[in-house]
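J.: The residues making up each chain are set out below.
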Amino acid sequence: MDVIVCIKRVPEVAEVDLQVDPTGKGIKEGDLVFSLNDWDNYAVEEAVRIKEKHGGTVTAITVGPEESEDVLRRALALGADEAVRVTDQKMHGSDGYAIAKILAAVIKDMPYDVILTGVQADDDGYGQVGATLAELLGIPHATLVTAMEIGEKRAKVHRELEGGMEEALECALPALFTIQSGINEPRYVSIMGIRKVAKKEIKVLDLTTAGLSPEDVGTVGSMSLIERIFPPPVGEGAEMLTGSPDAVATTVTDIFVKGGVI
Amino acid sequence: MDFLEKYELSACLQCGKCTGGCPVALRAPLNIRSLMREVLLGGEPESVLEHPELWDCTTCATCTLRCPRGLNPSEFIVGLRAELIEGGRVPKTIIDALEGTYKHGNPWGRARQKRIEWKEGLEVKIIPDEGEAEWLYFIGCAPSYDPRLQGVPRTLCRMLDAAGVSFGILGTKESCCGNEIRRMGEEGLFEELMEENTSHFRSSGATNIVTTSPHCFNVFGNEYDLNGFQVYHYTQLLSGLIKEGKVDLPHTVQKKVVYHDPCFLGKQNGVFDPPREVLRAIPGIELIEFERSRERSLCCEGGGGRMWVEGTGEGERNSEIRVRDAHAMGADVIATACPFCLLTLEDGAKTTGLEEQVFIKDILELVAEAMGFDHE
Amino acid sequence: MVLMEHRQGELREISLEMLAKGQELAEKQQAELTAVLLGTGVDSLAADIKRLCHRTLVLEDERLTHFNSEPYQDVLAALIEERKPSLVLIGHTAFGMDLAPALATAGGIPLATDCYEIEVKDDAIVPYRQMYGGKMCTEVHLREAPCTMITVRSGSFPAEGLREINGAIEAVPFAFEKDYSYKKFIQYLEAVVGEVDITQADIIVSVGRGIGGPEHLPVAEELADLLGGVVACSRPVADKQWLPKERQVGTSGKTVKPKFYVALGISGAFQHLAGMQNATTIIAINKDAKAPIFGVADYGIVDDLFKAVPAIVEKLRERKGT
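Protein chains in written order, with numbering that gives the first Met the number 0: chain A, 0 to 261; chain B, 0 to 375; chain C, 0 to 321.
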């Protein structure tokens with residue numbers, strides 16, 4: 000079973016106050032801590048489990064500059080066998096569609112039974128690369144996968160629907176699955192574990208060696224771009240709701256309706 | 000090195016003094032004597048790794064202190080944990096604490112940028128950037144980020160200022176001291192933290208380090224290689240300043256106070272008297288003692304990674320026992336000098352429903368009252 | 000063109016939300032609003048939908064009974080090519096996330112996902128979406144193309160003020176050529192009762208010591224049920240075994256990131272906050288105005304939870320019509 004996992008290096012923004020950068024189209028990244036996208040962490044763990052159960056290899060791929068090698072090393076420490084980084088100046092500014100094109104160009108000549116990606120990325124939350132990549136490669140896909148059983152030629156998966164419900168389906172292999180968080184419990188990767196794989200070779204490809212042309216990638220090859228980024232209108236601390244229990248209840252109900260809960 | 004060799008397992012008498020003194024052994028299946036024997040017979044640590052109670056150990060080191068053969072069962076547990084860590088088989092909450100420390104420099108996973116929010120409104124020097132100082136005050140992760148604890152470093156800073164002590168802090172360059180990290184088995188991460196902190200200590204220009212937490216005090220004094228630095232816990236510095244007459248405690252604090260010796264300050268490092276000296280210097284305090292005090296202090300179960308993992312045991316927690324005992328003695332306050340003891344004992348006060356009768360306070364909170372500081 | 004989403008015979012709310020926004024956009028652009036309804040046995044749904052748009056395209060086929068991105072993609076691709084809509088709206092749901100990127104790629108259609116707002120500026124469609132877990136908003140520029148696609152975030156556009164347009168229903172033919180056995184729907188799986196993983200819940204009603212005792216838990220459970228959520232707790236509650244440990248939120252419990260976190264009688268001790276501070280919307284109810292939970296909450300209510308919660312439950316019931 001050869002598995003390819005596509006991963007992304009993203010900033011951790013949980014508690015940080017984000018600021019718009021001078022271009023107005025991005026955020027200031029100076030103080031941010033970067034790490035492996037949460038969903039991809041589950042995907043790599045799932046890939047390694049498939050290998051442990053069925054044998055084969057796990058290859059981790061990312062598109063990004065040298066700093067992205069951090070996430071590839073983490074994947075190697077988690078149990079991936081090979082790591083590939085695709086990079087080129089011209090790739091800067093690529094949207095999900097362009098990234099999928101890049102990945103497709105690299106993956107189409109590799110042997111694989113299963114491709115895994117995370118459902119979406121912590122930074123843009125687009126959820127586009129997985130299904131787009133599957134379409135470009137001409138293989139079936141299933142998103143939001145919460146359970147996976149790999150057979151010889153087919154895989155049975157569960158997909159997460161709304162309201163706690165799930166659906167079960169079957170896909171012929173090779174196929175691509177986008178992995179939902181909670182599918183497994185990723186193992187811990189220790190510092191020593193990462194040190195052990197520090198010397199492992201990471202294959203680096205650029206535009207030419209990936210078989211792409213400049214028009215395919217970057218802002219030129221993208222179909223969506225950020226025109227402007229801005230913070231949402233925000234209040235100071237908790238908005239305190241006052242008034243009679245009845246009035247407060249009405250406000251709270253409105254909040255839930257607006258949030259699509261009711 | 001071979002596991003058997005490293006922990007000298009063949010020298011173990013199997014006398015059971017370790018398990019006999021273990022503060023968690025009554026409630027949890029943790030039996031160190033038995034674990035040592037299992038590994039000795041099996042030859043490999045593998046056989047004992049399926050024991051979830053390995054994470055119950057608080058690393059209070061009572062076992063090590065009692066061992067008649069001078070062995071180190073506490074370190075043996077840490078060694079087993081290190082095996083689990085390398086295999087990735089670790090409780091999720093521990094993973095979160097370790098990854099939080101790796102990424103953000105603290106096991107709570109809080110943003111590094113926010114590490115100095117506690118000092119808002121106070122004039123506290125960051126060294127060496129903002130000047131020079133003789134003392135480096137190492138705040139620690141919990142007091143930096145937890146609103147319940149932030150008053151403690153605030154009080155210490157104000158008090159040091161009032162006493163004319165030249166001090167500074169590392170600011171956002173301060174990272175977790177690593178005491179708990181190493182004891183959870185993450186040796187690699189501990190080494191990185193130690194390297195980083197040591198390098199910042201060396202470039203700070205200070206010659207003395209004072210800590211809020213006994214955990215930081217323990218690891219800097221015993222496990223970091225800090226030649227050229229003197230390491231103190233704040234109670235030692237404060238007791239000295241009081242004796243020199245540099246600290247004014249004008250207000251009376253009319254309370255019956257029992258002092259709880261933190262394991263990492265008391266039994267492990269022999270610092271029993273300075274905290275008591277500080278408490279006795281506060282006018283109005285009637286200081287009483289637990290039966291289990293000083294070397295025999297009952298571990299609160301906050302150390303060794305226990306802040307991030309529930310014990311496997313059932314029944315009354317040690318913190319609850321401590322609070323009930325204090326209440327039975329008529330104490331108004333349990334005073335302690337450790338942030339983890341404080342948080343854990345307060346939990347105990349809540350679950351026993353005694354939080355309105357027995358208050359848990361850091362010694363510095365009582366000092367603040369005696370100095371007339373607004374304590375928030 | 001708006002793709003209707005339905006499951007097990009019921010039209011999902013997102014469909015109406017998209018029709019509402021669709022009506023507004025169609026009017027602004029002086030275009031027609033077309034709804035697409037695929038499935039089997041959808042007559043009654045079609046009847047409801049046709050009132051709200053200019054044209055309802057219906058295709059009934061066995062292959063479309065349960066949502067499957069493959070046949071849906073082929074049908075929609077053909078409809079898009081034939082009818083040439085300038086904008087296609089699909090819900091950003093389990094359905095839409097599986098379908099939209101593949102469909103957009105196959106047709107070379109620019110796509111913006113999970114959008115909370117759509118504006119018309121100089122005759123161009125301008126979508127807005129959030130990034131960084133909601134900490135930033137972005138105005139998206141889609142490449143100029145005859146057709147663009149947007150997946151819509153649930154709850155962004157209220158399904159109200161819908162005009163009665165009363166268009167026609169049109170049955171559309173489609174010649175299926177492919178054998179879709181390479182992606183086959185097997186069955187639905189209902190959530191297993193009794194096995195609650197709070198980390199996977201979108202909505203959490205969490206109780207602290209303020210709940211007073213296990214006999215009062217029904218107050219929280221009622222609210223949770225109405226909201227379609229689960230009950231969780233802070234450590235003291237789990238310690239006292241009023242709720243099983245798997246429900247505990249905090250540093251030595253679970254870390255949760257739900258869309259809504261309602262904290263009842265929870266003071267907000269640090270170790271608890273660490274487990275839930277990244278929830279999207281936090282509503283806190285506590286008698287103590289100084290409770291630290293209010294520092295991380297989005298909305299705060301200083302009141303006795305036993306007064307506040309029943310009032311909320313009543314209003315929710317009214318709104319739900321139950």
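Please note: incorrect hints may appear among the correct ones.
To be verified - Capping the alpha-carbon separation at 30 Å, the derived lysine-lysine pairs in DSSO-like fashion look like this:
{"#": "1", "chain 1": "A", "residue 1": "Lys-107", "chain 2": "A", "residue 2": "Lys-89"}
{"#": "2", "chain 1": "A", "residue 1": "Lys-202", "chain 2": "A", "residue 2": "Lys-107"}
{"#": "3", "chain 1": "B", "residue 1": "Lys-102", "chain 2": "A", "residue 2": "Lys-198"}
{"#": "4", "chain 1": "B", "residue 1": "Lys-118", "chain 2": "A", "residue 2": "Lys-195"}
{"#": "5", "chain 1": "C", "residue 1": "Lys-258", "chain 2": "B", "residue 2": "Lys-102"}
{"#": "6", "chain 1": "C", "residue 1": "Lys-253", "chain 2": "A", "residue 2": "Lys-107"}
{"#": "7", "chain 1": "C", "residue 1": "Lys-253", "chain 2": "B", "residue 2": "Lys-102"}
{"#": "8", "chain 1": "A", "residue 1": "Lys-50", "chain 2": "C", "residue 2": "Lys-134"}
{"#": "9", "chain 1": "B", "residue 1": "Lys-5", "chain 2": "A", "residue 2": "Lys-27"}
{"#": "10", "chain 1": "C", "residue 1": "Lys-134", "chain 2": "A", "residue 2": "Lys-24"}
{"#": "11", "chain 1": "C", "residue 1": "Lys-134", "chain 2": "B", "residue 2": "Lys-118"}
{"#": "12", "chain 1": "B", "residue 1": "Lys-113", "chain 2": "C", "residue 2": "Lys-183"}
{"#": "13", "chain 1": "A", "residue 1": "Lys-24", "chain 2": "C", "residue 2": "Lys-183"}
{"#": "14", "chain 1": "B", "residue 1": "Lys-124", "chain 2": "B", "residue 2": "Lys-91"}
The hints are simulated quantities; they were obtained by calculation from the structure and are not laboratory data.
J.: Next, verify each hint and record whether it holds.
T.: Going through the hints against the structure:
no.: 1; hint: Lys-107(A) <-> Lys-89(A); in the structure: holds (21 Å)
no.: 2; hint: Lys-202(A) <-> Lys-107(A); in the structure: holds (16 Å)
no.: 3; hint: Lys-102(B) <-> Lys-198(A); in the structure: holds (22 Å)
no.: 4; hint: Lys-118(B) <-> Lys-195(A); in the structure: violated (40 Å)
no.: 5; hint: Lys-258(C) <-> Lys-102(B); in the structure: holds (25 Å)
no.: 6; hint: Lys-253(C) <-> Lys-107(A); in the structure: violated (40 Å)
no.: 7; hint: Lys-253(C) <-> Lys-102(B); in the structure: holds (19 Å)
no.: 8; hint: Lys-50(A) <-> Lys-134(C); in the structure: violated (37 Å)
no.: 9; hint: Lys-5(B) <-> Lys-27(A); in the structure: violated (49 Å)
no.: 10; hint: Lys-134(C) <-> Lys-24(A); in the structure: holds (14 Å)
no.: 11; hint: Lys-134(C) <-> Lys-118(B); in the structure: holds (26 Å)
no.: 12; hint: Lys-113(B) <-> Lys-183(C); in the structure: violated (50 Å)
no.: 13; hint: Lys-24(A) <-> Lys-183(C); in the structure: violated (42 Å)
no.: 14; hint: Lys-124(B) <-> Lys-91(B); in the structure: violated (38 Å)
When each numbered hint is compared with the structure, violations occur for hints 4, 6, 8, 9, 12, 13, 14.
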